[in-house]
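Since the structure of chain A is already known, use the hints to place chain B on it.
There are 2 protein chains.
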Amino acid sequence: MTYGCIASMKARPGLRDEVVSLLLGAADGLRQAGCDLYLVGLSEDDETTIWVTEVWRTREQHDASLELPEAKAAIGRAVPMLTGEFTRQDMAVAGGLGL
Amino acid sequence: MTYGCIASMKARPGLRDEVVSLLLGAADGLRQAGCDLYLVGLSEDDETTIWVTEVWRTREQHDASLELPEAKAAIGRAVPMLTGEFTRQDMAVAGGLGL
Chain A
1 MTYGCIASMK ARPGLRDEVV SLLLGAADGL RQAGCDLYLV GLSEDDETTI
51 WVTEVWRTRE QHDASLELPE AKAAIGRAVP MLTGEFTRQD MAVAGGLGL
Chain B
1 MTYGCIASMK ARPGLRDEVV SLLLGAADGL RQAGCDLYLV GLSEDDETTI
51 WVTEVWRTRE QHDASLELPE AKAAIGRAVP MLTGEFTRQD MAVAGGLGL
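Chains as they are written, first to last, in full-length UniProt numbering: chain A, 1 to 99; chain B, 1 to 99.
This is chain A alone, in the form it adopts within the complex:
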């Protein structure tokens, strides 16, 4: 089974759209790094939470992607716009539709 994770983060007030733009801008290079799905969503429960669901061919490719210079640069720009509250669930992908 492939590796997946579901993560959440919270943007500081008024900055959610800017963080989402950063995340979407970083998505371009992920395919060749081994990513099959990268889904960014805005919580409807509040105006600060962002959900990211990812599927990777292997967990090692996911971990390695965080060390890419573009990823580090994007993370560096995003962190000051975030509250520091994160959640993350790792999972083994069983399958589904649209992958």
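I should point out that these hints are in silico values taken from the structure, not numbers from a laboratory. A hint or two may mislead.
Since the list can't tell identical chains apart, any single copy or any two copies may satisfy a pair.
What the hints assert, rightly or not - Listed below are the simulated SDA-like cross-link pairs for lysine to any residue, each with C-alpha atoms no more than 20 Å apart in a straight line:
1) Lys72 / Glu44
2) Lys10 / Gln89
3) Lys10 / Asp28
4) Lys10 / Arg88
5) Lys10 / Ala73
6) Lys72 / Asp28
What follows is chain B alone, placed relative to chain A:
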């Protein structure tokens, strides 16, 4: 923006794989009901939690899908295998990769 949701459920001990099979079996008909993504994952934190991430063209199509006879039958078979602990996050899909 399209509608998405991230849900979790917990299977009774030893029944997670059976519930996952039910969920995956129900995935076939979802595309024509308006579903673009239906991702089923097994939590790596424990042996009971199942995560489901969905993307639908509209929220109305998602809600209507729960009323389909096949869906009701699958839910009826799954419920006795679940603990009753659910979470669900609704979201507006901002975009990403692989959709």
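For each hint, the structure was consulted:
Proximity of Lys72 and Glu44 under a CA criterion of 20 Å is satisfied in neither setting, with 28 Å inside one chain copy and 26 Å between copies. Taking the shortest Cα distances, Lys10 and Gln89 sit within 20 Å of each other both inside one copy (16 Å) and across copies (14 Å). In this assembly of identical chains, Lys10 and Asp28 lie within 20 Å of each other by CA distance neither inside one copy nor across copies; the values are 23 Å within and 34 Å between. In this homomeric assembly, Lys10 and Arg88 come within 20 Å of each other (Cα to Cα) both inside a single copy, at 13 Å, and across copies, at 17 Å.
For the homomeric pair Lys10 and Ala73, the shortest alpha-carbon distance inside one copy (19 Å) is at most 20 Å, but the shortest distance between copies (37 Å) is not. Taking the shortest Cα distances, Lys72 and Asp28 sit within 20 Å of each other inside one copy (15 Å), while across copies they are farther apart (39 Å).
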